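Enquirer: Please arrange chains B, C and D on chain A, whose structure you already have, making use of the hints.
There are 4 protein chains.
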Amino acid sequence: MSNQFFADIPTIRYEGPDSHNELAYRFYDKDRVVMGKRMEDHLRFAACFWHTFCWPGSDVFGGGTFNRPWHRGANDAAAAHEKRETAFEFFTKLDIPFYCFHDVDVMADAQSVSEHRSHFAEAVDHLEALQGTSGRRLLWGTANLFSHPRFAAGAATSPDPEVYAFAAMQVRDALEATHRLGGANYVLWGGREGYETLANTNLGREMDNFGRFLAMVVEHKHKIGFDGTILIEPKPHEPTKHQYDFDTATVYGFLKRYGLENEVCVNIEANHATLGGHTFEHELAMASALGIFGSIDANRGDHQNGWDTDQFPNSAEEMTLAMLEVLRAGGFTNGGFNFDAKVRRQSVDAADLFYGHVGGIDTVARGLLNAAAIIEDGRIDQIRSERYAGWDNDLGKKIGTLDLGGIADLAEKEALNPKHRSGQQERIENLVNRFC
Amino acid sequence: MSNQFFADIPTIRYEGPDSHNELAYRFYDKDRVVMGKRMEDHLRFAACFWHTFCWPGSDVFGGGTFNRPWHRGANDAAAAHEKRETAFEFFTKLDIPFYCFHDVDVMADAQSVSEHRSHFAEAVDHLEALQGTSGRRLLWGTANLFSHPRFAAGAATSPDPEVYAFAAMQVRDALEATHRLGGANYVLWGGREGYETLANTNLGREMDNFGRFLAMVVEHKHKIGFDGTILIEPKPHEPTKHQYDFDTATVYGFLKRYGLENEVCVNIEANHATLGGHTFEHELAMASALGIFGSIDANRGDHQNGWDTDQFPNSAEEMTLAMLEVLRAGGFTNGGFNFDAKVRRQSVDAADLFYGHVGGIDTVARGLLNAAAIIEDGRIDQIRSERYAGWDNDLGKKIGTLDLGGIADLAEKEALNPKHRSGQQERIENLVNRFC
Amino acid sequence: MSNQFFADIPTIRYEGPDSHNELAYRFYDKDRVVMGKRMEDHLRFAACFWHTFCWPGSDVFGGGTFNRPWHRGANDAAAAHEKRETAFEFFTKLDIPFYCFHDVDVMADAQSVSEHRSHFAEAVDHLEALQGTSGRRLLWGTANLFSHPRFAAGAATSPDPEVYAFAAMQVRDALEATHRLGGANYVLWGGREGYETLANTNLGREMDNFGRFLAMVVEHKHKIGFDGTILIEPKPHEPTKHQYDFDTATVYGFLKRYGLENEVCVNIEANHATLGGHTFEHELAMASALGIFGSIDANRGDHQNGWDTDQFPNSAEEMTLAMLEVLRAGGFTNGGFNFDAKVRRQSVDAADLFYGHVGGIDTVARGLLNAAAIIEDGRIDQIRSERYAGWDNDLGKKIGTLDLGGIADLAEKEALNPKHRSGQQERIENLVNRFC
Amino acid sequence: MSNQFFADIPTIRYEGPDSHNELAYRFYDKDRVVMGKRMEDHLRFAACFWHTFCWPGSDVFGGGTFNRPWHRGANDAAAAHEKRETAFEFFTKLDIPFYCFHDVDVMADAQSVSEHRSHFAEAVDHLEALQGTSGRRLLWGTANLFSHPRFAAGAATSPDPEVYAFAAMQVRDALEATHRLGGANYVLWGGREGYETLANTNLGREMDNFGRFLAMVVEHKHKIGFDGTILIEPKPHEPTKHQYDFDTATVYGFLKRYGLENEVCVNIEANHATLGGHTFEHELAMASALGIFGSIDANRGDHQNGWDTDQFPNSAEEMTLAMLEVLRAGGFTNGGFNFDAKVRRQSVDAADLFYGHVGGIDTVARGLLNAAAIIEDGRIDQIRSERYAGWDNDLGKKIGTLDLGGIADLAEKEALNPKHRSGQQERIENLVNRFC
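So the sequence lines, in the order shown, correspond to chains A, B, C and D. Each residue of the first sequence is one higher than the one before, starting from -18 at the first, in the working numbering. Each residue of the second sequence is one higher than the one before, starting from -18 at the first, in the working numbering. Each residue of the third sequence is one higher than the one before, starting from -18 at the first, in the working numbering. Each residue of the fourth sequence is one higher than the one before, starting from -18 at the first, in the working numbering.
In isolation and in its complexed conformation, chain A is listed as follows (with noise of 0.2 Å):
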């Protein structure tokens, strides 16, 4: 029986801060309502078949550590059927209500399409029926377009049309049971689209390419009556050098380029937006301002590391500013908070699984509470908001009716000599640290 892999581990409960139990929630109190939701309703959380179950604790200078049942033979259709099960007693212990996964996570491997398509849909059926058992839901699904050989070179972006279309029937089948299992989101991540070398790539002919098969999405999304939303994942490079989809602002201006902004929302993860030069909270705030703010992927990088580390997110500071942007976008509606977080190489036993995700769920829900904390009190927006006073009044207004050349005469006749006000930087900031 799969579930003796955690049989020492109990249920997560909620404990409260004092709690001495490291194996309970000191901050996540499912019920708990703040700002007039149930926390589970704002986090949405869940955790992620492929870091948890399917990565065997290699890197790219060792072999797996992990040594999970699972994996000592073969990804056979008995290995693949105990990691479900695995899985969901895992979900069903960590006591979240989602889980999201990848098309080959959750299936024993596959050498052809028809293979892959039965082999899909044996474990669709499996879900199905733990979902119903667990009472545990899906918050999104994909296709992996990445690990195999034959996506090398990318997949809606490759320049071989054979790949193209091996890619198009796995986004098919998966959207298709991400429909069926009831998922919420349907998720795309470029893992390969974006190039090694200018040198030998066609940067518009694939771009076009990767636009198109966006659409058909969407399209098909339509046709089948999935009403989920449809999440690009940002990351601006690993494994290539340059992913098309590099941060927010960039898909934002692919989606206009294609006309998907009405369609197509960002799933945000913490440490792609590092590595992209921005702040989780940034990432965040611009999705808001532009419209596509859809999901998080949860996690943190390592600010000296200049690559992927998926790390657990494990500061309350940091998370306390990304949701207040969450709870300023007006909170999740499809979306909610995936763990794309994975423990250490040298974290091998069964409970670090639990450790991790235990601190990161209790580190997202006292950054909903501070963030709370801080909307309620409104010392914060009202600073922001008097910054900016001068926009609703007269001269502000009177700006807004004129043009270049009418605001650039009222300067003159006006005599502006605006003086700088002081920004308040670090006020603000103590301010914030008052609800950490």
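It should be emphasised that the hints constitute simulated quantities derived from the structure, not laboratory data. Any given hint might turn out to be false.
If chains are identical, the list can't say which one is meant, so a pair holds when it fits in one copy or spans any two.
Stated by the list, open to error - Below are the EDC-like pairs computed for lysine to aspartate or glutamate, each with C-alpha atoms no more than 16 Å apart in a straight line:
1. Lys394 - Glu143
2. Lys379 - Glu143
3. Lys11 - Asp22
4. Lys74 - Glu(-4)
5. Lys222 - Asp40
A quick note: this is a predicted structure, and the numbers were derived from the prediction, not measured.
Expert: Showing chains B, C and D alone in chain A's frame:
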């Protein structure tokens, strides 16, 4: 007489690769025809006022080292006059066709709107005269909306509408001056159009103000009959923590958002590209693919330092890759190569200004010659083209006619099992090196 | 009277976490005893002259925004006097025990060696008097060997021996002044002791000159009977491309090379650590392990920006990790926490200087309280200690007595096949967060 | 027969710059004498086993793409034998004198100490035979102490003494094998000798264990009469968050701390230099100045990506600066240029391995020719030398005889007022470019 300043420096002439003269061009032969065009017409070199005539050699940790005569007292009418005279002596001795300026670079300091207008007008009169006598032309003009303390929180994105109006006055005047002086382009670099902290920033409001400002500039351009190109210069950060015009892809999205993608192009700076996590050639290729390639600020950064070092380009290898993209984009229309580059703070001699520009100009010229040779050779373009050949064959064409489901069905019916083919990156890199 | 400048600001007092007063300490309770020592004695806070009283709010892209009264004219004797008075008013109102300065920060501008000596002497007389009336003490003094144009190519590493001699004069006088003022340390930050390009640099010669300079400073310290600590402040680059005192490990090697490892310690700056690819706590732990931990320059950088932003520390989480290393190192001997931090260029109000320092002081105080709680709790130290327990057992001890061949033979004889045990990183991170 | 693998590839020969043969050397003419030495003797090229014969083309996001015959089953005795045969075919066809290996690269997989020893011994016998028939020599050997899960927490710095002992066994055997095979050097790269989090790490204890390990290696080298050089290879991070051998200056301090600075040198890798915030030439110049320059791992990184890309060097410009430092250091003694470089994951053809190495070898050869020309020209060395001329004059010499007070008095007595002279960086950069 200001022209004493460069009295010891001869006019720079082409003398060929074997010349031992360190103040001669070895590769820039302005009348040499490359791919059907004179080098001068291909490259359209400009030198700039700010780094070369305004900056005193200061940095954050120390004062000016340069001791130029026009910096010894206040920047009054006489000093500004001397600076302009000296600059045109310089442009002429370099024998390049163009120059660039910010309003405040060329004028005496002003304390009010009216002083700004009158001092600037006086400067423009003089520039017009100097253009006439020297035969030099204006590649682009711009307004400095970031140095004066009033712009500490931005100009078009300032929270204070008075600042916005002051900026409108400067831009109106600078745009009209550019028109009068026959400028080929007008540039907006968003120096402080960004934020220091999200905590005091209304991102959406600032971007909307910025979008409207830009739309008004475009409208004014048409109103006055200026037929040059309006250019935005991307930069990811510095001086601000985050700059709205992060990179070319971001600017494209911004233009699309405000309906300006057919009105505005980008002025791409090499050092800004690398600060943003891109190669210089990436930004050029992206601008070309998106249809917004305008002009270039030639310089280089330091790969180990995280700020804008604005050094002169000195890598013919890197410039070859950049020029390849310029040639593929069809070359410049209104744009050109402006040296937004400065001699090092230790390079205090007048001759150093010439060494910097002569080296930079020859580097760009070598890049052009190498890139033209690559294109004329044809092998690299052929390898690239063959890589995508499948898209021009039956399968590729058929995919163009099907929807997602149709393509997926095709993959199944044909039992596609694509094998990865070599991307030949090492071979192509060797081929490129044959031309460097 | 200069003390008009902060007339509106009260002396900052401890009022506890629940205080609503934004100009009070919520965590820094100077007389509170933590692990057997008063907080004031643990933390030994200092404020600095340069960022707070000398910098006008300029940056590379724009002029000063601050408009301080003593900056309105030349930096003559009267202005310098007013600056010193105002600074001591500030130190006193912050109620912190220490301050720090560079020679040129506190004196009127000088045009020659003799002026430098007389202006500086005048300033030192005044500082001594101000110390007496205010009860404030000197944490450290230093000489500015990087701002004047004469130091453009370095001071102790200058190619010009005249510059070296000028620097020796400044350091001799600054060291003697520090001694006279009862300073606890003397600092050398190698502002331009590095290079811009290897092409014009004799690395070995410059390092030898630098080593000898430092040895002479140590010799002079002993000669005059100064019993404070000589400190080197590591920084990887900026303003120079490469700075010889790159990081703590580099400085250690440098000290060993010139036989100074028992004479000189490091002054570790948080922002310099991160610019060098390290965490702040790494540099502290490394300095402690190498026996050269001296003092701290408290600030923070911006993880997305590649230059020294010198912001006030505001992360209690990060400071907790740093304070853990400080406590493990046994705390300060002569060192202390100097705020080498500056308000943002937009923070133009006098009050902003207080917000910055109050927030920074409370952040450090929280870090101390959290770190002390972690140590008193003991769990984390125990986990760490158990991880190495094998080294205290038979095998570990035996290894200590064998040579390479002996150990290899042992591995074979015992047929060792070690299994990896969990490093428990996620669990430990959760434990740390219990104290934040 | 394994030599079927490269059957289509001819032995690579020098054909000169004008050759159209893409599989010929255009610059590497092994018998050409440069500055009194044959190019082969200057450059001492080696190819490596790991990237070229062991790595299957996998990365963190996807599986192997290369499909080499010896990877199709288990890495047993037959596969290892075929790999060794193929590798020597490759070294021979490249016509380079040297190769390099880790123990596990060349042997069948082992499950125990005794298997490790016997499988490795078998491999060494074969290598010895292959050296004899091919005439290829061993530049250096090393032990892989980072890939097996047992080394997840380090080897010489492991918290587990069993792991330390296992590592000692591997190093003892690899060192003795290197000696037997006539290797010129023995390398230690501290793959996981670092930490993931300070929270579970005893920095001082780990460094002391590491220091003792290295001392034992040196002792064993003398014991067995190995007269090659022991080399440490610096790298700042990856796979660990922080690696103890961060860079050359750090390694120097480490060697000094454990009294090994006259016993151990550094093996400098270009990509590790740039990951550590340095140029390649910086690390070479630093190693030379500190007297620990040993050997080179030739490759390049990607300036926009923050991980070790290990690409083949392809910039003759950058290599010229590096070779300048190598020549200034007097060239190699035991060291050489080992290609620690891998073809891209998309470069799946056997020919790609040749394109990569041929391009890299020619790049290094061009660097040598350019650097030798610069030195023979003499101008740059002269400019540099003149820059320091003051130190050879009266003042410079006098300073050498005085103490700090004496120099300070001199500055005052002579009323020194040094003026900054130009560092001529732009002029020198132009001169360098004359030779590229």
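Enquirer: Just pull the numbers of the violated hints for me, sorted ascending.
Expert: The structure conflicts with no hint, since it agrees with every one listed earlier.
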